[in-house]
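Please construct the entire structure, taking both the sequences and the accompanying hints into account.
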Amino acid sequence: MTIIVGDRLPTTTLVKATADGPDQVDTDSFFKGRKVALFAVPGAFTPTCSAKHLPGFVEKEAELKAKGIDEVACVSVNDAFVMGAWGKSAGAGDITLLADGNGDFAKAIGLTMDGSGFGMGTRSQRYSMLVNDGVVEQLNVEAPGEFKVSSAEHLLSEI
Numbered sequence: 003m004t005i006i007v008g009d010r011l012p013t014t015t016l017v018k019a020t021a022d023g024p025d026q027v028d029t030d031s032f033f034k035g036r037k038v039a040l041f042a043v044p045g046a047f048t049p050t051c052s053a054k055h056l057p058g059f060v061e062k063e064a065e066l067k068a069k070g071i072d073e074v075a076c077v078s079v080n081d082a083f084v085m086g087a088w089g090k091s092a093g094a095g096d097i098t099l100l101a102d103g104n105g106d107f108a109k110a111i112g113l114t115m116d117g118s119g120f121g122m123g124t125r126s127q128r129y130s131m132l133v134n135d136g137v138v139e140q141l142n143v144e145a146p147g148e149f150k151v152s153s154a155e156h157l158l159s160e161i
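Under this note's numbering, the sequence shown has 155 at position 153, and the numbering climbs by one with no breaks.
Each statement offered as a hint is correct.
Subject to a maximum C-alpha distance of 30 Å in a straight line, what follows is the list of computed DSSO-like cross-link-like pairs (lysine-lysine): (1) K34 with K67; (2) K18 with K109; (3) K37 with K18; (4) K18 with K34; (5) K67 with K90; (6) K37 with K54; (7) K69 with K90; (8) K62 with K37; (9) K150 with K69; (10) K150 with K37; (11) K90 with K18; (12) K90 with K37.
If you anchor each label on the Cβ, the simulated ranges turn out as follows: (13) G23 with I161: 31 to 39 Å; (14) F83 with R36: 21 to 29 Å; (15) F120 with F83: 18 to 26 Å; (16) K109 with K150: 21 to 29 Å; (17) G23 with Q140: 26 to 34 Å; (18) D22 with A145: 34 to 42 Å.
I should point out that these hints are in silico values taken from the structure, not numbers from a laboratory.
The C-beta atom is built at its ideal place from N, Cα and C for all residues, glycine as well.
This is the structure in structure tokens:
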């Protein structure tokens, strides 16, 4: 079942890319008591993700925080080392990069896609969401091949 506005995020473990290496983060603790702008990409270093999606959130991070967002985070079905390297190469600054290496989070919220045709296996769909204390307040899932509603600009316009 796909997550919808009003649902609580399921309990799973993600891995945060840090300067000291991978750090496991349970979703309950990560989202508890905070407003988080979360966006998902099918893969680090992929064209749209690297050229538009992550840079848009880097550019709009201060505006999001000015509207009460405590943290901006990106999740992808990649490992923490790839996410860390991608963040460094993209100048992601204070964007928290979360690895969903086995796709457990994407599966738990029902937002997977089949990237097998591109040699990528099961990945996350592209989306953005506003999470308040673990509950989804806004959810913007892209149609296949699109980049419209998951952008930082679109999420910002909804807050």
